[in-house]
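To convert a position in the sequence shown, counted from 1, into the working numbering, add 7.
Everything labelled a hint here was simulated from the structure, so no lab data went into it.
Every residue, glycine too, gets a C-beta built ideally from N, C-alpha and C.
Capping the alpha-carbon separation at 30 Å, the derived lysine-lysine pairs in DSBU-like fashion look like this:
| # | residue 1 | residue 2 |
| --- | --- | --- |
| 1 | K269 | K409 |
| 2 | K427 | K269 |
| 3 | K274 | K353 |
| 4 | K274 | K345 |
Label pairs and their in silico Cβ distance ranges:
| # | residue 1 | residue 2 | range |
| --- | --- | --- | --- |
| 5 | L380 | I438 | 43 to 51 Å |
| 6 | K109 | I146 | 43 to 51 Å |
| 7 | I435 | L13 | 22 to 30 Å |
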Amino acid sequence: MSFDSLIFILYFLPLTLFMYYISKAKYRNLILLITSIFFYIWGASQTIVIIFISIVFNYSFGYLLDKFEKHKKTILYLGISFNIIILIYYKYTNFFIMNYNKVTDSNHELLKLLIPLGISYITFQQISYIVDIYRKTVIFENNFINYSLYVIFFPKIIAGPITKYSLINENIKHREYNDNLFKEGIFRFSLGLGKKVLISNVLSIVANKIFAIDPHLLGFNISLLGMITYTLQIYFDFSGYTDMAIGIAKMFSINLPENFDKPYKSKGFIDFWRRWHITLSSFLRDYIYIPLGGNRVSKNRLIFNTFILFLISGFWHGASFTFIVWGIYHGFFVIIEKLGANKLYKILPSFISELITFLLVAVGWVFFRADSLRYALNYIFALIDPRKIVPLSNLDIGIDNKFWFIFILSLIIVFMPKIKENKTFLVISKIFSIIILIYSIAVITTGSFMPFIYLKF
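Take the sequences, apply the hints, and build the full model.
Next up, the structure:
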């Protein structure tokens, strides 16, 4: 059940809100847990048992860490190992088998595995929980319903934000209806729905058609257009999902962490990762990079730590060499910036720094989008030959006036500075959000379904 489906917008969400608010406060977490389980079963009924087992084991690890101080390091290692093994087994086993078959010319059968919905996000959240208990930055949550809700709360179960327990525990334990928060939730949900339905879906038509064509036929102009279009599409798609998740949570008086901060206005890759998928960046920093020594190490160790960080980031996104190379690509630029190249961005005018970063990030998205490394490399070769221009009319890639309008509007949105909020702006934006909500629902009723990009991770 997707956030941008009519069954969610018109039935599931209103009914959940109704049941939640007519219930007594002491039953509300149970209502949310039951509806979250139903939400999960609707999309992946075959793997709900795996998620339940994961929740029970991590709840138990939390209990053991709280009770057995002398053995807490062993318990922590067991807990982390359990989570990583579950993730690797379901998400990466067939990747390893396929590549083993290629290297050894073997013919081992692939396992018939279903990847549990949201397993990457669930794994990182639960690792952060047991590590924080070990570090004594949070205390063990003895209420199993509260802990289960933290893990499987339906707005964030599929594609985040990756939420540390310390950021949400007070909201889970104690919350009251807040009229302003509820209205803000509707606004954020409407904004996210508009990003997805009115912008991302339009861009995806052209991006999908271009990336389905042999790169040798594209030419510089069309390959550039496809790259920029996908760069915009993935931002509006993922940030749209996050806005919707945050908005839904606010309707239940729960605050989820922000995940984006105008990432395409970044000045360099270090800055980009402070603005893009912020909760993933925070997890990798707090639970991998800093334990490895962070920045307070030798130059060689700094390079190694950063490389490992982005290798994990790429592999976390998917069992494919394209994602691994995407991670390494970002790691390379972060490393050279840490070694001094970031000084260049301080010398250049802001817009030039932002444009350079935007284009380099966009090249990285080619690896992320491509079905194979060969396709990605051929696509990039088409990008670096400006002499080859292919008329747009030569290829059927779905370009029309509507696309150009959305394309230009998207560029304006991602590069425009933050608007200072005042009373007039808030009133106008709320009225505008209602218009977006109504129009988006109208579009959904007549359009074809397009899943969120990050749902597969």
